[in-house]
Amino acid sequence: GAGVSQSPSNKVTEKGKDVELRCDPISGHTALYWYRQRLGQGLEFLIYFQGNSAPDKSGLPSDRFSAERTGESVSTLTIQRTQQEDSAVYLCASSPRTGAYNEQFFGPGTRLTVL
Amino acid sequence: AQSVSQHNHHVILSEAASLELGCNYSYGGTVNLFWYVQYPGQHLQLLLKYFSGDPLVKGIKGFEAEFIKSKFSFNLRKPSVQWSDTAEYFCAVNRGGTASKLTFGTGTRLQVTL
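Top line first, the protein sequences correspond to chains A and B. To convert a position in the first sequence, counted from 1, into the working numbering, add 19. To convert a position in the second sequence, counted from 1, into the working numbering, add 943.
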C-alpha cells in the first residue's frame, strides 16, 4: 500500500515568509508525528496527533510554528515569518495508534531552505 | 530530558568486515529502543526494536542489537557487512507506556567499500 507522503519535497523561501508543509499519512493510521532534522543533528520531535488532537506539542520551537490535522488524515505544519535557523528537513511519520510500542512509518521529508 | 548519543559519526568498512555501532541513552526509567536506517534516496525505516525480554534482538538484513541495561547501551552489530549496507543509521528511544515521541541520536553514516 501507499506509504507516508509529504509535499513539497523541496521548498526554498525567503526569510520572513510563511510556509506550509503537508503530510499524508498511511490510510487508517490514527497517530501522526512531525520531526525535523537540522544539518548535523538528529531528528527532533515537534508535535504529534492522535486523531485531530495534539496531546504533545512540546517540541514546537516557537509560536511561529503551528500544526493541524483534519480528520485522521492530512496534516499541515505551518511556519510563520521563517528564519534561517528553520532550514531543515521536516519529516512526518504515522503509526496505527499512539503508544510506545507502535512502529512509526516515515515519509520522505520536506527539505526547507530559508534564504 | 532524555538524550541519545551515537559516538561514531562516520564509519568506513570494507565488505565482509564486522560492524558495531554504539548507542547510549540517558534516561533511567523504562525505555523502548529502536534502530532506524536510511538508505541513500530512501525513507527512514525500522531495522529492529527492543521492548522487553531477550536483550539480544534480531532485525532485518542480518542486523542485531544488544540491550545492556547497566551500560544504558543498545549497540547495533552485523558480523559481515555488504556494500548494500551503506546508509545512515539512527538509534532512537521512547519512554515506554503511553509515551509516543522518539528521541533520536545524531546518526552514524556507514560507508562500505568493495
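These aren't lab readings, by the way, just hints derived from the structure by calculation. Beta carbons are placed, not taken as given, at the ideal position from N, Cα and C, and that holds for glycine. Hints may contain errors.
DEER-style ranges, computed between Cβ atoms [unchecked claim]:
1) B/Gly1005 to A/Thr89: 40 to 46 angstroms
2) B/Ser961 to A/Thr132: 17 to 23 angstroms
3) B/Ser961 to A/Gly70: 16 to 22 angstroms
4) A/Thr132 to B/Pro1022: 20 to 26 angstroms
5) A/Gly35 to B/Thr973: 27 to 33 angstroms
6) A/Gly47 to B/Glu1009: 30 to 36 angstroms
7) A/Asp82 to B/Glu958: 47 to 53 angstroms
8) B/Glu958 to A/Gly70: 42 to 48 angstroms
9) B/Thr973 to A/Arg130: 47 to 53 angstroms
10) B/Glu1009 to A/Lys34: 44 to 50 angstroms
11) B/Glu958 to A/Arg130: 27 to 33 angstroms
12) B/Val954 to A/Arg57: 20 to 26 angstroms
Far from chain A by the CB rule (all over 12 angstroms, computed), these chain B residues [unchecked claim]:
13) Gln949
14) Leu956
15) Lys1001
16) Lys1014
17) Asp1028
18) Gly1039
19) Lys1044
Take a look at whether the Cβ-Cβ distance between A/Asp82 and B/Glu958 falls inside 47 to 53 angstroms. 50 angstroms, holds
Range first: 40 to 46 angstroms. Now tell me if the beta carbons of B/Gly1005 and A/Thr89 are that far apart. 42 angstroms, holds
Does the Cβ-Cβ separation between A/Gly47 and B/Glu1009 fall within 30 to 36 angstroms? 34 angstroms, holds
Outcome for the supplied range 47 to 53 angstroms, where the beta carbon pair is B/Thr973 and A/Arg130: 35 angstroms, violated
Does the Cβ-Cβ separation between A/Thr132 and B/Pro1022 fall within 20 to 26 angstroms? 41 angstroms, violated
Does the hinted range 16 to 22 angstroms hold for B/Ser961 and A/Gly70 at CB? 45 angstroms, violated
Determine whether the non-interface label on B/Lys1044 survives the test: each CB of chain A must be over 12 angstroms from its CB. Since the minimum Cβ distance to chain A is about 4 angstroms, B/Lys1044 lies within 12 angstroms and the statement is violated.
Is the nearest Cβ of chain A still more than 12 angstroms from the Cβ of B/Gln949? 8 angstroms, violated
State, for the Cβ atoms of B/Val954 and A/Arg57, whether the hinted interval 20 to 26 angstroms holds or is violated. Cβ of B/Val954 to Cβ of A/Arg57: about 22 angstroms, so the range 20 to 26 angstroms holds.
Beyond 12 angstroms from each Cβ of chain A, as asserted for B/Asp1028: 19 angstroms, holds
Far enough from chain A: is every CB of that chain over 12 angstroms from the CB of B/Lys1014? 20 angstroms, holds
Whether the CB-CB distance between B/Ser961 and A/Thr132 falls inside 17 to 23 angstroms: 39 angstroms, violated
When held up to the earlier numbered hints, the structure conflicts with 2, 3, 4, 5, 9, 13, 18 and 19 and fits the remainder.
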